[in-house]
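Novice: In this text, residue positions in the sequence shown follow my numbering: the first is 1, and each later residue adds one.
Hints in this document: simulated from the structure, not taken from any laboratory.
Since we're looking at a predicted model, the values are computed, not measured.
For each residue, glycine too, the CB sits at the ideal point set by N, CA and C.
One or more hints might be untrue.
Stated by the list, open to error - Each pair of labels, with its calculated beta carbon distance range: (1) L122 to L415: 50 to 60 Å; (2) A169 to L415: 47 to 57 Å; (3) G176 to Y254: 37 to 47 Å; (4) Y254 to Y353: 33 to 43 Å; (5) E462 to L415: 38 to 48 Å; (6) L37 to A542: 34 to 44 Å; (7) R252 to S331: 28 to 38 Å; (8) A542 to P139: 46 to 56 Å.
Said to hold, decoys possible - When the alpha-carbon atoms are kept at most 20 Å apart in a straight line, the in silico SDA-like pairs for lysine to any residue are as follows: (9) K527 to R74; (10) K482 to D612; (11) K527 to R588; (12) K482 to S547; (13) K531 to R508; (14) K534 to V615; (15) K527 to A21; (16) K597 to E519; (17) K534 to R613; (18) K597 to G586; (19) K534 to D612; (20) K597 to A609; (21) K527 to V203; (22) K527 to G509; (23) K527 to R508; (24) K527 to L35; (25) K534 to A546; (26) K534 to G509; (27) K607 to S539; (28) K527 to L467; (29) K597 to V464; (30) K534 to A502; (31) K531 to V615; (32) K531 to R470.
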Amino acid sequence: MRVVPTVIVPACLLALTALAARESGRLPEEAAAFLRLYPWLVATAGVLLGLWFRRGRVVLALVALSLAGLALARFAPGAAGIEVGRYALNSVALLLPLDLAWFALARERGTLTPSGLTRLGLLAVQPAAAAFLWMSYHPGVVAWLESRFLPGRASPEGAVAHPALVAYAAALVTVGLAWAVRRTTLDASFAWALIASFLGLVVAGAAIPYLATAGLILVVALLETTLSMAFRDGLTSLPSRRAFDEAVAFLRLYPWLVATAGVLLGLWFRRGRVVLALVALSLAGLALARFAPGAAGIEVGRYALNAVALLLPLDLAWFALARERGTLTSSGLTRLGLLAVQPAAAAFLWMSYHPGVVASLESRFLPGRASPEGAVAHPALVAYAAALVTVGLAWAVRRTTLDASFAWALIASFLGLVVAGAATLYLATAGLILVVALLETTLSMAFRDGLTSLPSRRAFDETVAQLSGRFAIAMVDIDHFKAVNDQHGHDVGDQVLRMVAARLTAVRGGARAFRVGGEEFAILFPKRRAKEVKAELESLRAAVAASGFVLRGPDRPARKPKRASAKPTSGVTVAVTVSIGVAERGTRLTSPEEVVKAADDALYRAKRAGRDRVVG
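With these hints in hand, go ahead and build the complete structure from the sequences.
Specialist: Below you can see the structure in the form of structure tokens.
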């Protein structure tokens with residue numbers, strides 16, 4: 001039995017899901033946005049792969065998991081009432097394990113075949129039948145579905161009822177026995193999918209992520225099984241010739257895929273520094289491949305290696321420290337031209353052969369065995385060390401993902417130059433590091449306010465659109481903020497905004513703060529009522545009011561003296577207060593948009609009542 005695909009990978013996926021579910025209230029908005037897309041990505045990719053590889057059982061299992069997730073989201077107690085929510089939970093918990101066990105044990109019949117379409121039809125009938133039973137209300141069926149007959153406290157009131165527990169136990173035992181007998185990755189994945197879906201039903205508020213993870217486990221098993229069949233000899237279980245050929249083909253394409261995707265993304269998001277770095281890495285890879293010692297001779301190969309090893313770190317450090325000027329601009333094209341001149345200049349030096357330049361490029365002057373003969377010469381080592389220290393300091397000061405990616409790209413490219421025969425792969429990986437950082441930076445800019453580091457208005461709108469159940473929203477506005485800007489300037493206004501944002505992030509009770517306008521903020525309290533959060537909001541108001549700060553006076557020194565004098569300074573104290581309006585979802589306010597509007601109205605009432613107060 002292969003332990004990695006059958007045990008380790010599913011267990012790790014479940015552990016990550018549990019961590020995300022537990023920390024859901026404190027995740028950054030980028031992660032929260034991904035979690036909302038996660039079920040759809042898994043279902044779409046899994047169904048397409050299942051259709052492509054003709055794995056009808058996996059397709060049907062993914063459809064069943066998706067239908068279960070939709071039912072639980074649509075008929076959650078907070079959105080559809082407690083009774084219908086309880087009925088939907090127990091219906092799903094009874095039918096889903098039986099469906100997964102059915103698909104695990106059934107023979108493979110494809111999807112778009114008469115047998116596959118029949119199974120799909122039987123699956124689609126189940127939600128309609130459950131809805132019909134509820135709407136026509138058969139008391140005996142509903143009462144049995146929600147009955148509790150097991151001894152002890154096997155299921156507390158409000159959780160999954162006992163018929164569903166029995167169904168899960170029977171399905172897990174059956175699928176586990178099938179896995180023990182047949183010992184296939186797909187059988188193992190169905191057992192893990194049962195466990196994941198059960199956890200989703202018993203962990204409050206986390207059904208959708210767990211059901212999506214159940215689907216992801218099936219998709220990973222599908223890929224592993226398909227690749228194993230394609231690339232592994234069935235008799236010896238050793239990798240086949242096809243596996244070797246496919247791996248070699250991918251490694252040849254890998255640098256071109258990274259460079260093409262990265263340059264297109266860099267042009268699209270106007271990140272000229274990343275585009276230039278990718279061009280520099282691609283030129284370095286082409287030079288090392290074209291003028292390798294085996295292809296062009298030992299001397300020219302050594303010269304090409306040392307020229308690349310000297311120029312590449314300097315270029316990467318240059319692009320890491322340079323200001324962003326775009327690519328298809330006069331400044332960007334000038335930089336691109338300077339980059340393109342370097343290979344031509346290196347070739348000219350070799351062809352015209354300036355002995356002093358070539359000798360200095362290949363010199364070895366560092367003490368000890370810092371570079372053995374035939375490896376990277378010492379000028380290149382110095383260039384890499386200087387570049388890494390410089391970029392590392394920039395990363396320590398600016399603390400951005402792109403600065404970190406340039407430091408890691410330097411490390412990856414250096415490894416490519418010192419590990420024999422692996423330069424192209426390491427250089428491509430350096431490019432991939434930059435591309436991932438580009439995507440992360442762009443996503444962070446879309447969902448996070450640059451001044452306060454709080455999630456932005458876009459993040460707030462997307463979060464509010466996904467809310468259900470009980471929640472409260474508080475709108476916070478800085479009083480007389482325009483006067484602060486007019487009297488003291490925008491720099492002081494920015495300090496006020498950052499101070500208020502810091503106070504908002506310190507609010508407890510599972511609160512999530514957003515900056516939704518110029519001086520306006522929002523605080524979201526999941527699973528809380530307005531009266532329950534009044535104490536936190538009042539503490540926030542008092543903390544801001546007590547945080548007035550003193551502006552630097554004209555006679556105040558730039559640095560604090562060793563012996564501070566007791567005489568008063570001429571600094572000006574800026575008093576800052578906030579007004580807060582809060583509203584909750586209830587019988588009168590049912591949609592998130594209505595709650596936001598009610599909180600806004602409460603905020604305006606706080607303003608009219610004299611400011612520096614909480615109303616709701």
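Novice: If you test the structure against every hint from before, which numbers come out violated?
Specialist: No numbers; nothing is violated.
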